[in-house]
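Could you put the whole structure together from the sequences, leaning on the hints where they help?
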Amino acid sequence: MNAAVAAKAPELRKAAFDIANQILGALAGKGGRPWRRYLLRQSHVTKWTISADFCIGAELRPYDCFAFSFFPYDAEIEALLRDASSGLQRDLKDISALTAAEIAWLRDRRRFHIAIAVNRKRPAFPVQGASIELGRRLVADWLAEMNSAPNSPDQSRMKALRNKVRANYNARLLGNVWLLSVLFGALTTALALGRPLEVVGWFPDRDNMTNWSEGVWFDAVWRTTGFLADAFRIDMRSLKTVSGVPAKQDGQEHMWFDSLIRGPDFLAGVIAAWDRSARTVPGEKYRQLLLDVVADSKNIIVMDALLGPGTRAVSRVLVSRSP
3 MNAAVAAKAP ELRKAAFDIA NQILGALAGK GGRPWRRYLL RQSHVTKWTI
53 SADFCIGAEL RPYDCFAFSF FPYDAEIEAL LRDASSGLQR DLKDISALTA
103 AEIAWLRDRR RFHIAIAVNR KRPAFPVQGA SIELGRRLVA DWLAEMNSAP
153 NSPDQSRMKA LRNKVRANYN ARLLGNVWLL SVLFGALTTA LALGRPLEVV
203 GWFPDRDNMT NWSEGVWFDA VWRTTGFLAD AFRIDMRSLK TVSGVPAKQD
253 GQEHMWFDSL IRGPDFLAGV IAAWDRSART VPGEKYRQLL LDVVADSKNI
303 IVMDALLGPG TRAVSRVLVS RSP
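When you line the sequence shown up against my numbering, it's residues 3 to 325, in that order.
Because the hints were derived from the structure by calculation, they are not lab data.
Mixed in with the good hints there might be a few duds.
[As the list claims (entries may be wrong)] Distance condition first, Cα-Cα at most 25 Å in a straight line; then the derived BS3-like pairs of lysine-lysine:
(1) K123 x K16
(2) K300 x K49
(3) K242 x K49
[Claimed, not checked] Okay, the calculated beta carbon distance ranges per label pair:
(4) D110 x R35: 14 to 20 Å
(5) T282 x K95: 16 to 22 Å
(6) R278 x K250: 40 to 46 Å
(7) A77 x D252: 27 to 33 Å
Glycine residues also receive a C-beta, built at the ideal position from the N, C-alpha and C atoms.
Rendered as structure tokens:
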């Protein structure tokens, strides 16, 4: 880590660096060969879309999971949407079993997927200290950095969040936003290592985390990505970042990019449901996903993140049909 960055980094920025560094290490190691081969095949691509979905706090699930899909942004967005919807036309909750076409789409090496399982019983933030106060300091830090950063997004959402956390607030929810920002930031950094990067689009599903405080998640991801770029000495000053937000239609939100998040939806669902200690999954569609899609895949990497007070351990999970 850049010594100048480390010297002034609050605890949560150090935690963000630790998590990101371990993710990048896993992608650089032996288990990350599929990722590196994928990037080599896509060496001409400078514009990317990263979609995301989550399984957080679900009953009877042994893990939380954050899952991400990488799409080369080498066509018009309408073409990306058509491609995604042609392969996965239903959400995981709406199916009882996968079709051959759905399995083939998920295993198609034009796209790449990373799923990160996280222990459910964890503090809001993986550092020592009271979560409520840690969150307040985090928001103040984000806002101060946005004030001084060139090309900063509009600060109204972050200022509203600062006012919100002055009173009692949901520290767990803010902790999830922080973790999402670290994971999006780490994976954006992984794209930028050793290759030109012009545009990255962040397209997460809409839930209580990404809807909170008018979508402040984007500002958190933007700021954390900037911090990680400095920490890893990557020049991302010219990087253009865009976010997927629902369109307003007849006074209601329309999730026009829903097809882009179905891949992460499927993967977050199975990895959260997979009880690794008991070696069980709860149903046929999960068994299919684990054995026919994830196991021995050339375009999917699964990681495990163990987070606790002062504990931040990330490692790759081997998923194979072989014993």
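Exercise. Which numbered hints turn out to be false for this structure?
Worked result: none
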